[in-house]
Amino acid sequence: MGKSLYEKVFERHVVGRLPSGQLQLLMGLHLIHEVTSPQAFSMLSEAGLTVLMPERTFATVDHIIPTTSQLRPYGDSLAEEMIATLERNARTHGLRFFAPEKGEQGIVHIVGPELGLTQPGMTICCGDSHTSTHGAFGAIAFGIGTSQVRDVLATQTLAMDRLKVRRIDITGRLRPGVYAKDVTLHVIGKLGVNGGVGYAYEYAGEAIERMSMDERMTVCNMAIEGGARCGYVNPDETTYRYLEGRPYAPKGQAWKQALSDWDTLRSDASAEYDDVVTFRGEDIEPMVTWGINPGQSVAVGATIPSPMDVAETDRASMEEAYSYMSFEAGKPIAGTRIDVAFIGSCTNGRMTDFDEVARLLRGRKLRVKSHVRALIVPGSQAMKQAMIEKGYDSLFTEAGFEFREAGCSMCLAMNPDKLSGREVCASSSNRNFKGRQGSPAGRTLLMSPVMVAAAAVAGEVVDARRLFELC
Amino acid sequence: MEESKRIIIEGRGVPLRGHDVDTDRIIPARFLKCVVFDGLGDHAFEDDRAGLRAQGKIHPFEDSRFEDAEILLVNKNFGCGSSREHAPQALRRWRRGIRAIVGESFAEIFRGNCVALGIPCVVVDSAAAEELQASVERDPAANVRVDLLAMKVTTGSITAPLSLTEAARRQFLDGRWDSTGELLAAKAHIRTLAASIPYFKW
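So the sequences go chain by chain: A and B.
Those letters in the first sequence? Residues 1 to 471, per this note's numbering, in order.
Those letters in the second sequence? Residues 1 to 202, per this note's numbering, in order.
Derived from the structure by calculation, the hints contain no laboratory data.
Since no wrong hints were added, every one of them can be taken at face value.
Below, simulated BS3-like cross-link-like pairs (lysine-lysine); rule was C-alpha separation at most 27 Å, straight line:
#1 Lys201(B) - Lys3(A)
#2 Lys102(A) - Lys33(B)
#3 Lys8(A) - Lys251(A)
#4 Lys8(A) - Lys201(B)
#5 Lys190(A) - Lys164(A)
#6 Lys102(A) - Lys390(A)
#7 Lys369(A) - Lys331(A)
#8 Lys201(B) - Lys251(A)
#9 Lys5(B) - Lys187(B)
#10 Lys251(A) - Lys102(A)
#11 Lys187(B) - Lys8(A)
#12 Lys5(B) - Lys152(B)
#13 Lys369(A) - Lys418(A)
#14 Lys3(A) - Lys256(A)
#15 Lys390(A) - Lys369(A)
#16 Lys331(A) - Lys190(A)
#17 Lys256(A) - Lys8(A)
#18 Lys201(B) - Lys256(A)
#19 Lys33(B) - Lys418(A)
#20 Lys8(A) - Lys164(A)
#21 Lys365(A) - Lys390(A)
Computed from a predicted model, the values in this text were never measured in an experiment.
Use the sequences and the hints to build the structure in full.
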């Protein structure tokens, strides 16, 4: 019987069995940021411990960094204290810090892949649930808490339970105007926000194989929103082409060795899975969330579902969502007026996201509706520079978008980018939780970057395929 | 001084109804702007509490009947979303401190974070979750008893079987949920294994 990539990579990293019965797993790459690491460093010092393998931990600042100006000191003294603490901890322990002053900073899940740190066959962890993103390269990548950040700093290992594996096949091709974000929202909508608890998700099938690395990262990024702690795609030529030549990718002889090693890691055709589900790529529509979790979504042409459509035990949750969002069952989602449009985040703040939006805006003389505040937030400083070289700064600014500095920004609003009052935001981010975007009454509609751009232009939720004449 | 084992956790309960209660709700992101966990307890469910207050309703975490509670009673997929350990850190710092959570199911990262803090998240079936919540609402002064040896939750006349992973159970019963020491014991082996994995050399 063959093995899945998850099993192969997991087994390769097992140090041994712990007294509790859990397995001790070696971590190949540890990424840290300013929010979930300071207490871990304090715990380390209190225990009199040092960082075991400082060369395998990399730091960046993303959650709290302002996107208007990154000049120090930050206006928010708490944010300033957090970056200063991270800088100090990185210096004290000899960790590589991607500094804003050097143009190296960006969202942790964007910088890692961009620099070639993220590679097939690795175990990757970070104190951030969207670490599942890195699984797009055929790595086992997952989010951890602060006590576990301490463990990885001290031992380069974690106590882990082995997950089951569910293969999710997306067959055929996606239709024009349907993107990776729609695929991942579709899957979560079908399997539920807790459907993946206890599982790693292996995404496979023609539609996934045809995707670029950026698109695969979008899909894996939201595995956690379906309850799966990690999601991955088997590495292939697309993966290798993306990685070759990046700063931390192996070079020369090591690159050749890497390729032959990576080729052995793919799931075997005879691998057995704990579960297999299949969706037809052609059935997937542009999706929009209407509720307060990422599983509460509908196709843009559909109406908001009725509580009568779900099991009785789930009705209270739906009622709670309607009440918070002020939506009514049976009404179409299209036509919902928006106040804010946000394109960015570790889900959809990558170059190909901006390329696609730029392609559709260019030459159409479309402008952001006057009542809408629209933000374009690049995932990294390097990406911002590359966007300027492509002329996107003037393209987006002339279309009425604010072109900002790199960071997590309005995905979770730990910096000054926030909704106010009951504003509705069309957002390319990953969570539509109550209060997620910084206002306790703010409302988030998750969708693809192209759908956000269309909503910004129309001032309301619209089918981007019609606005941009995609079909 | 903190007990070194978790065998029977007993205290008053607080019912918190609803599925998919995410960690943004447990502790909103603006309170994550800190370099220590101290002080988070006051902000547990801050926005949910204010939201209900504005509607003339009361959140269980503001309800004086439950102010001494130490056992949290929840429903499905509690703690989903962000990996922020600030969420369980806030719960354990709320008033007397939450010492165990009983629910229908838990998000994985949250559950793991709770283990690291010595807070068992134990699973009961839907009917039991409902009965336990209703019982605590009827009689908030009654203790809820989470027994990891007998594997049951009891309050008033209700007794429900509980489950948790065998590894977590052993960690609580043996008082070994703080994993760093055990992980560090394998230091030599960690280095040997790392040296055998191709990419550690690139």
